[in-house]
Amino acid sequence: MAETLLDIAMMHSDSLIARAREGDKNAQGKLVQLWYKRIYNFSYKFFFDHDLAMEVSQKTFISMHKNLAGLHEVTRFKSWLYTIAVNYCREETRKKKVSRSFSLHDLNPGEGEESYRWEESHHRNENPERQLRHSELSDLLQSCLMQLSQEQREVVIMKEYEGLKFREIAEALNISENTVKSRMYYGLDGLKKILEQKKITKETIGYEL
Amino acid sequence: MNYKPDESTLIAYLYGELNEKETKKLEAYFLQHPEELVKLRGLDEVREVMSHAQDKEVIAPPVFVDDAGTRPLWHSSYFRVSMGIAASILFLLVAGKILGPEIKYSNGELRISFGNKAEHPLPSAGLTEDKVNELISSSLAKNNESLESARTEDQKKLMQTVADFNSKKMNELTKTASQASQEQVRSFVSSLQEQNLKLMKDYFQLSTADQKKYMESLLVSFSGYLQEQRKQDLQYVQNQMNSLEKNNNQFKQETEQILTSLISSPAKKKNNY
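Protein sequences appear in the order of chains A and B. Heads up, the first sequence is in my numbering, so the first residue is 39 and it goes up one at a time. Heads up, the second sequence is in my numbering, so the first residue is 2 and it goes up one at a time.
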């Protein structure tokens, strides 16, 4: 319900964006509150790394704060914001390739109650064991996503998890819609093969959960 | 029918973003190619599976609103600059009021002054360059004249004192020379001779005493030497006499021994034969 309200707020945030663009600091703050979770999750799915996702999110909103006055069309705010996020994701990928560092989350999380995800799952109201399974499945699917090429991963995340239209993705990535759709097709096809290799199907997931 | 949808069309159909005409066309294609529809449904299944990847919960960090736009007026650089200029002008005004400045421009001369004007006696009007030259030359001539007269006067005085001193000295000398008689000269010469004689005497006396002393010491040392030599000679003679006596005794003993042997040896020889 809360997410739905948040989505509604995001959908009707044109006036908020307009005020923020005119220098209303309060409106800018509200924009950050509205969009932070989305940009963080986009970055997290891109890297499968909390620290890098936090880094990119912070840089994205700092950049938004500095450059919002230069945004000509309010309706393009969403694609504009994702353009900034994607650019920072690519920048961090380049840095990561150079430094070859890895996150502690890359380490083996362990099994069952020994897993740090068990600790994380305790915060939820749901059954912790069920939540843990959800978390483990998320990580498994996330690892499948990480096997895609960067270009396909960007498009799949934007479409499947961020709900951007193909036009918006094309604007964000500065490519044609057909290219976006083509990358989407091959991305899903690639995921299908990866899931088959790992024997992950709709049925097995239903059984696990 | 050669229609074959590309990937973008299939994806648009999958996400329901294909227009009606294209949709019908594609569905007709699927009737003829059901394996393509199965493949597309497989992609749809992938979407469904992938939708189980959950969002991570994250708390947006607090936003620190930069209050640069709402800075008070007195913090702006324009305000500070203008206030600085105003303060400078005020300072100049107050200083001007206290010091009483006067700015005057006349005959190509700009004069800025503070306070009361200093009173300087003005030079008398009507002095021309020639007059000034004349005054200077007359003053110089007067000065030269006075210097010349002072110099000649001093020279005269100096010459007079030198002449007086010389004549006085000469007079004294001639006076003393004329006063000295022949006897006095003789007595002076004789005293001089006496002095010389005495000096010679002393010298000879002193030198003979030294020579005597030297000769005495020489004789003493020579007699000592002779004494020593004699002593040594006596010692030598004594030694020689002793050795002679010794040799003599030895010779005597040897002779005695030979004699005794000679006396005793004929008997022995006889016995041997």
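Treat the hints loosely; a few may be bogus.
[To be verified] Here are the simulated DSBU-like cross-link-like pairs (lysine-lysine), alpha carbons at most 35 Å apart as the crow flies:
no.: 1; chain 1: A; residue 1: K230; chain 2: A; residue 2: K203
no.: 2; chain 1: B; residue 1: K158; chain 2: A; residue 2: K231
no.: 3; chain 1: A; residue 1: K237; chain 2: B; residue 2: K5
no.: 4; chain 1: B; residue 1: K57; chain 2: A; residue 2: K240
[Said to hold, decoys possible] Sample of chain A residues lacking proximity to chain B, with all beta carbon distances greater than 12 Å (derived):
no.: 5; residue: Q96
no.: 6; residue: N105
no.: 7; residue: E111
no.: 8; residue: S187
no.: 9; residue: N212
no.: 10; residue: G228
No lab work stands behind these hints: they were computed from the structure. All C-beta atoms in this analysis are idealised placements derived from N, C-alpha and C, irrespective of residue type, glycine included.
Now for the hints, and whether the structure bears them out:
A hinted pair counts as satisfied when its Cα atoms are at most 35 Å apart, and A/K230 with A/K203 qualifies at roughly 22 Å. Our distance criterion of 35 Å between C-alpha atoms is broken by B/K158 and A/K231, whose separation comes to about 142 Å. Straight-line distance between C-alpha atoms of A/K237 and B/K5 comes to about 31 Å, which keeps the hinted pair within the 35 Å bound. Straight-line distance between C-alpha atoms of B/K57 and A/K240 comes to about 22 Å, which keeps the hinted pair within the 35 Å bound.
Listed as outside the interface, A/Q96 is inconsistent with that label: its C-beta sits roughly 7 Å from the nearest C-beta of chain B, within the 12 Å cut-off. The Cβ of A/N105 sits about 14 Å from the closest Cβ of chain B, beyond the 12 Å cut-off, so the non-interface label holds. Separation of A/E111 from chain B is adequate, the least Cβ-Cβ distance of about 22 Å exceeding the 12 Å criterion. Chain B leaves A/S187 outside its interface by the beta-carbon criterion, the shortest separation being 15 Å against a cut-off of 12 Å.
A cut-off of 12 Å between C-beta atoms confirms that A/N212 is not in contact with chain B; the least separation is 17 Å. In this structure A/G228 is not separated from chain B by more than 12 Å, as the shortest Cβ-Cβ distance comes to only about 9 Å.
The structure fails to meet hints 2, 5 and 10 from the earlier list, while all remaining hints are met.
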